[in-house]
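Using the sequences and the accompanying hints, generate a full structural model.
Numbering (numbering that gives the first Met the number 0), first residue to last: 0 to 278.
Any given hint could be a false lead.
[What the hints assert, rightly or not] With beta-carbon atoms standing in for the labels, derived distance ranges:
#1 Arg-229 - Glu-203: 17 to 27 angstroms
#2 Pro-132 - Ala-205: 35 to 45 angstroms
#3 Gly-175 - Leu-149: 38 to 48 angstroms
#4 Trp-79 - Thr-190: 18 to 28 angstroms
It should be emphasised that the hints constitute simulated quantities derived from the structure, not laboratory data. Please read these numbers as outputs of a predicted model, since none were measured by experiment. Note that CB positions come from ideal geometry on N, CA and C, so glycine has one too.
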Amino acid sequence: MTPTRLFSTPDSTAGSFRPELPYGEVCAIHQPNLFPRLSTLAKLYAADYWIVLDDVQFARRDYQHRTRLASLDDSRQTQWLSVATHLPHGRSTSIRGARLAEPCRCRRRVGQLLADHYRRSVYWPPFKRRLEPLLARFQSTDRLADITELSTHLLLEEVGWPGRVLHSSDLFARGGRSQRLADLAWLTGATTYLCGTGGMRYLEPAAFQAHSIKVLPFRTPASGIWGSAREVSAVRALMLAGPTAVRLELETLKAHVLAGDPARSSGAARSCLEFGSCG
Numbered sequence: 000m001t002p003t004r005l006f007s008t009p010d011s012t013a014g015s016f017r018p019e020l021p022y023g024e025v026c027a028i029h030q031p032n033l034f035p036r037l038s039t040l041a042k043l044y045a046a047d048y049w050i051v052l053d054d055v056q057f058a059r060r061d062y063q064h065r066t067r068l069a070s071l072d073d074s075r076q077t078q079w080l081s082v083a084t085h086l087p088h089g090r091s092t093s094i095r096g097a098r099l100a101e102p103c104r105c106r107r108r109v110g111q112l113l114a115d116h117y118r119r120s121v122y123w124p125p126f127k128r129r130l131e132p133l134l135a136r137f138q139s140t141d142r143l144a145d146i147t148e149l150s151t152h153l154l155l156e157e158v159g160w161p162g163r164v165l166h167s168s169d170l171f172a173r174g175g176r177s178q179r180l181a182d183l184a185w186l187t188g189a190t191t192y193l194c195g196t197g198g199m200r201y202l203e204p205a206a207f208q209a210h211s212i213k214v215l216p217f218r219t220p221a222s223g224i225w226g227s228a229r230e231v232s233a234v235r236a237l238m239l240a241g242p243t244a245v246r247l248e249l250e251t252l253k254a255h256v257l258a259g260d261p262a263r264s265s266g267a268a269r270s271c272l273e274f275g276s277c278g
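Below, the structure is given as structure tokens:
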């Protein structure tokens, strides 16, 4: 574990632990999602590390317990994959406090729906093997966040992400949406914070400026595999184009985003779809 020393956050009398050495320069903060969308996966991939935002309120209308699977043939043909969730403290339950209502049934549903949608893909057999530890996890935990975080890990491993993962529940940050995110980024040594299109609507740049942290907007292209990136799970892109092509797309987007260029695609996934397997 990286050594820590006691710091006080700017304009605060509360002590906070900050690493002597940063976890990385570029930080992404996001709730654990069930098999996240390609847009979310791309943002995490572009970061040196991901802070799992697990101590905020669970939201049923979000992607914390569900994802939208799309047909291999048509991204407009979709079906929700959701896991039954129990909130012990009602609407105030945090993400880490949410529980699986029927773990065994959820396990069967996750395995079956993924197979129904993607077993025709040449990339399905190896993905199915890597899916098995996640399905087994349903038998040893009733914590929703364990499953959703593991599902995100699975997709990040598919594309070879070398980063590391931290948890907001292990850190001490002040309240307030923007202030909290800024504190989390600062506490972990970030110099750049990746902010998606949703976050840019409410983010207060001053909170990050106080920490000398650059806020970098993260946007995805609108063509090729990115056309449905904000609607459906990234599993579809992986099953269509394969991990190699998707990784190249993510690397290209990462380079442009970090350079401050407009979002653009490498075209690798499109080439794979038109001319054959990329492996």
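Structure-based check of all given hints:
1. Arg-229 - Glu-203: 17 to 27 angstroms: holds, 23 angstroms
2. Pro-132 - Ala-205: 35 to 45 angstroms: holds, 43 angstroms
3. Gly-175 - Leu-149: 38 to 48 angstroms: violated, 30 angstroms
4. Trp-79 - Thr-190: 18 to 28 angstroms: violated, 38 angstroms
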